[in-house]
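Undergrad: Each chain, letter by letter, is given below.
2 protein chains.
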Amino acid sequence: MPQRDISKAVIRRLPRYYRYLGDLLSDGTERISSNDLSRIMKVTASQIRQDLNNFGGFGQQGYGYNVEYLHDEIGKILGIDDTHDMILAGVGNFGHTLAKYFSESKKSSTRRFRLVGLFDVNPELEGREVAGIRVRMLEDLPAFLKENPVEIGILTVPANAASSTAEFMVENGIRAIWNYAHIDLKLPESVVVENVHLLDSLMTLSYNLKELKKKD
Amino acid sequence: MPQRDISKAVIRRLPRYYRYLGDLLSDGTERISSNDLSRIMKVTASQIRQDLNNFGGFGQQGYGYNVEYLHDEIGKILGIDDTHDMILAGVGNFGHTLAKYFSESKKSSTRRFRLVGLFDVNPELEGREVAGIRVRMLEDLPAFLKENPVEIGILTVPANAASSTAEFMVENGIRAIWNYAHIDLKLPESVVVENVHLLDSLMTLSYNLKELKKKD
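Just so you know, the sequences run in chain order A and B. The opening residue of the first sequence carries number 73 in this note's numbering; numbering runs sequentially from there. The opening residue of the second sequence carries number 73 in this note's numbering; numbering runs sequentially from there.
Fair warning: there could be bad hints in the mix.
Intra- or inter-copy, both count: the list cannot distinguish identical chains.
Below, simulated BS3-like cross-link-like pairs (lysine-lysine); rule was C-alpha separation at most 30 Å, straight line [stated by the list, open to error]: (1) K258 <-> K282; (2) K286 <-> K179; (3) K178 <-> K287; (4) K218 <-> K80; (5) K172 <-> K287.
Source of the hints: derived by calculation from the structure; they are not laboratory data.
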């Protein structure tokens, strides 16, 4: 499918389309009009048409969208038609949780991402099993990645270790970092980073709560 | 300080300013020019000036910004000059992790948010201590909130329980929900919601990785 340059805002909305279409698919819905999709997703029908037109459009006049087709096509656009292997560095509080999350989830979208290696610098953790995966020492990452080419690295180390660990990942072939450390990484342009800055999100909530209370 | 209507994009950037200014403050930096702030934050100086002008501007020509003053003012705008009490529903995988995170963090910004109650529906968890807080049954939430007025609720229950639990929170006085369940909540306008849809973020990373590889 030919693709133009897509705005970041549209890209940000795609996972949400994918999620709703996945739910519709599970419910057995075969097709849906942009109006109905608009109603359940609480965005305008014209926004939906506009967004999906970026990818060549998938709707047919008078028929609406074929849910399975649209779901699968958006999956392809998001690059989750194939399974992604991932490694994780920092088997602490969040590291444990994410390892469990990916091993236990039965959602088809989550299962597109498979955690294959856990790394830490704490020798006490070496060899322990977390969510069925053995914890390895970070120094073993280069050898591991040579045998198991992985592109996505999850970074759940403390903030003061985040930059050096991210650089170490990148030197050894990681090209995409899902960053839970509460700092902004400075990495070459040959690497993509997606930040999960939880506290930023909580501060936004605090702001919106404050604004809400002004209306009281 | 008089405030105009601020765009959502600016609001989203404020926590990042707050974070960088907090780091500068910890490093003992007393003042900073918009050019220097621009360099470390990797946004243009004109963007910084424009963003901060929304709140009346804080800079002085030829002096730059007073770091502590700017940090504190942004903290006030974000509503984190006071401490927020929070309750959490769903003491599972993520619930545990967040409870630990808030109890263990020594960061001043994290400590603006204080978890005071944990709730679950699993009777096996009743009375257990997690991160120093006793787990209560969800049915005890109304009584708890009557004695301990709390505005922020963290929602870490499974997706199929998320809507009903959120509604129950709201009926009992919660006005702001930090939602970790991977669904979009439908709540009255008198409630603010901030979603942490981790899988959406991971899908965006997958998309960006795919785009990156097209350039190889």
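Undergrad: The structure should be examined with respect to each hint, and the outcome stated for every one.
TA: Checked hints:
no., hint, verdict
1, K258 <-> K282, "between (33 Å within a copy, 20 Å between copies)"
2, K286 <-> K179, "between (40 Å within a copy, 28 Å between copies)"
3, K178 <-> K287, "neither (42 Å within a copy, 33 Å between copies)"
4, K218 <-> K80, "neither (33 Å within a copy, 44 Å between copies)"
5, K172 <-> K287, "neither (42 Å within a copy, 34 Å between copies)"
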